[in-house]
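Peer 1: For chain P, the structure is supplied; the task is to place chain Z on it using the hints.
These protein sequences, in sequence, are chains P and Z.
Taking the numbering used here, the leading residue of the first sequence gets 1, the next gets one more, and so forth.
Taking the numbering used here, the leading residue of the second sequence gets 117, the next gets one more, and so forth.
None of these hints come from the bench; they were simulated from the model.
The structure displayed is predicted, hence computed values, not measured ones.
Beta carbons are placed, not taken as given, at the ideal position from N, Cα and C, and that holds for glycine.
Heads up, some of the hints might be wrong.
[Said to hold, decoys possible] Keeping only pairs whose Cα atoms sit at most 25 Å apart, straight-line, the calculated DSS-like set for lysine-lysine is:
| hint | chain 1 | residue 1 | chain 2 | residue 2 |
| --- | --- | --- | --- | --- |
| 1 | Z | K184 | P | K41 |
| 2 | Z | K215 | Z | K173 |
| 3 | P | K55 | Z | K173 |
| 4 | Z | K215 | P | K20 |
| 5 | Z | K175 | Z | K227 |
[To be verified] Where chain Z lies over chain P, by a calculated footprint (3+ residues, C-beta under 8 Å):
| hint | segment |
| --- | --- |
| 6 | 44 to 53 |
| 7 | 102 to 116 |
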Amino acid sequence: GAVVSQHPSRVICKSGTSVKIECRSLDFQATTMFWYRQFPKKSLMLMATSNEGSKATYEQGVEKDKFLINHASLTLSTLTVTSAHPEDSSFYICSAKPGGSSYEQYFGPGTRLTVT
Amino acid sequence: EDQVTQSPEALRLQEGESSSLNCSYTVSGLRGLFWYRQDPGKGPEFLFTLYSAGEEKEKERLKATLTKKESFLHITAPKPEDSATYLCAVQAASSNTGKLIFGQGTTLQVKP
Chain P
1 GAVVSQHPSR VICKSGTSVK IECRSLDFQA TTMFWYRQFP KKSLMLMATS NEGSKATYEQ
61 GVEKDKFLIN HASLTLSTLT VTSAHPEDSS FYICSAKPGG SSYEQYFGPG TRLTVT
Chain Z
117 EDQVTQSPEA LRLQEGESSS LNCSYTVSGL RGLFWYRQDP GKGPEFLFTL YSAGEEKEKE
177 RLKATLTKKE SFLHITAPKP EDSATYLCAV QAASSNTGKL IFGQGTTLQV KP
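For reference, chain Z alone in the conformation it holds in the complex:
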C-alpha cells in the first residue's frame, strides 16, 4: 500500500536554528514527490516537486532533497514567518489521475 509518513509531527525552533523535516514514503513507482506549505485556515501552497533520487531544489531558506525512500526539507536559519505546517505528498507512477497521497504534516513553529 502506498504510504507517506512525516516526522516529527511538530517542531519548535528558535529563529536562526537550522533543522530538517523528514518525509518517508512507500510507493509502487514514484512519479513525483511534492512539498507544500500550509498556513492556518488556508490552502496548501506549492513549494517543490522532486522526481528522482539525488535531486535537490532550493527556494530561499528551504532546500528539498530526495532519496529512494525519503525526502528531507532542510530549513536554514529559519525566521518566524517560516512557521507553518509543511505537507509532503507523493504521486504513484501507477496513478492515471494524478492522485496525491499526503503525509500528516509537520507543524513548524519558529520563535523570535
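Chain P with its partners taken away, still in its complex shape:
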C-alpha cells in the first residue's frame, strides 16, 4: 500500500517551454501533497504544499507564477514549470499524505527535468 506515482520519470525540454509533471496517489486518498526539488548530493527542498481544492502554499523564495501547482482531486496533483530555463533543471519529487490521523508522507519516484 501507500504507492505514489509520478509521470513522466524523465523529460527534456527546450528553454522557454512549459512542462507538466503529474503526481498520483494510487491506493489512498491524499488530502495534502507536497512538491520538492532536489539538487545533486543535496537533501530535499520543499517548494510548496497543496491541499485538494485549494490554492497551494509556496515556500519562501519559490516563484508561484513559475511553478504552478494544481491539486484537482484527492489522488492527483500537478506541477507545471512555466517558461523553463536551464537553471530549472533538477530532480522534482512529490509526496502525498493520507487523510485522517496518519502523519506519514509517501514519496513518488521523482522526475528528472533537463532544460536545454
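Peer 2: Relative to the frame of chain P, chain Z by itself:
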C-alpha cells in the same frame, strides 16, 4: 528555528560491520520523526515513524530509536544492498500542513 542535523555525512562499512547513523533535531514540539531510504535517482522510501522518546522500531537489519534530542538508525550486519542515502525528517507539532524538515542525509556504502 526548527532544524535537523545528520551525521556522519558519509559512512563506509564492510559487509557485516554494524554501525549507527545519528539524527539530531531541534523542534518546537515534535509530532513525529521519520526515517527514509533514498537510492540514487529515486524518491525516498519510507522506513519508520517515531513519535515519543524511548520508542524503538525495527525492520530487518534496521532499528530506529528516539530520545528528546536525537534519533539513531542502527544497522546490524549490513549487506551491500543496504547502500543508500538515509534521510531523517521531523514534523513539528505546530505544523498544520504536515510539512517535513529534512536533514542533509547520510550516504552509506557497504562493501562486500
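Peer 1: Against each hint, give a clear statement of whether it holds in the structure.
Peer 2: Here is how each hint holds up against the structure:
{"no.": "1", "hint": "K184/Z with K41/P", "result": "violated (28 Å)"}
{"no.": "2", "hint": "K215/Z with K173/Z", "result": "holds (22 Å)"}
{"no.": "3", "hint": "K55/P with K173/Z", "result": "violated (37 Å)"}
{"no.": "4", "hint": "K215/Z with K20/P", "result": "holds (23 Å)"}
{"no.": "5", "hint": "K175/Z with K227/Z", "result": "holds (21 Å)"}
{"no.": "6", "hint": "44 to 53", "result": "holds (count 4)"}
{"no.": "7", "hint": "102 to 116", "result": "holds (count 9)"}
In the structure shown, a violation is registered for the earlier hints numbered 1, 3, in ascending order.
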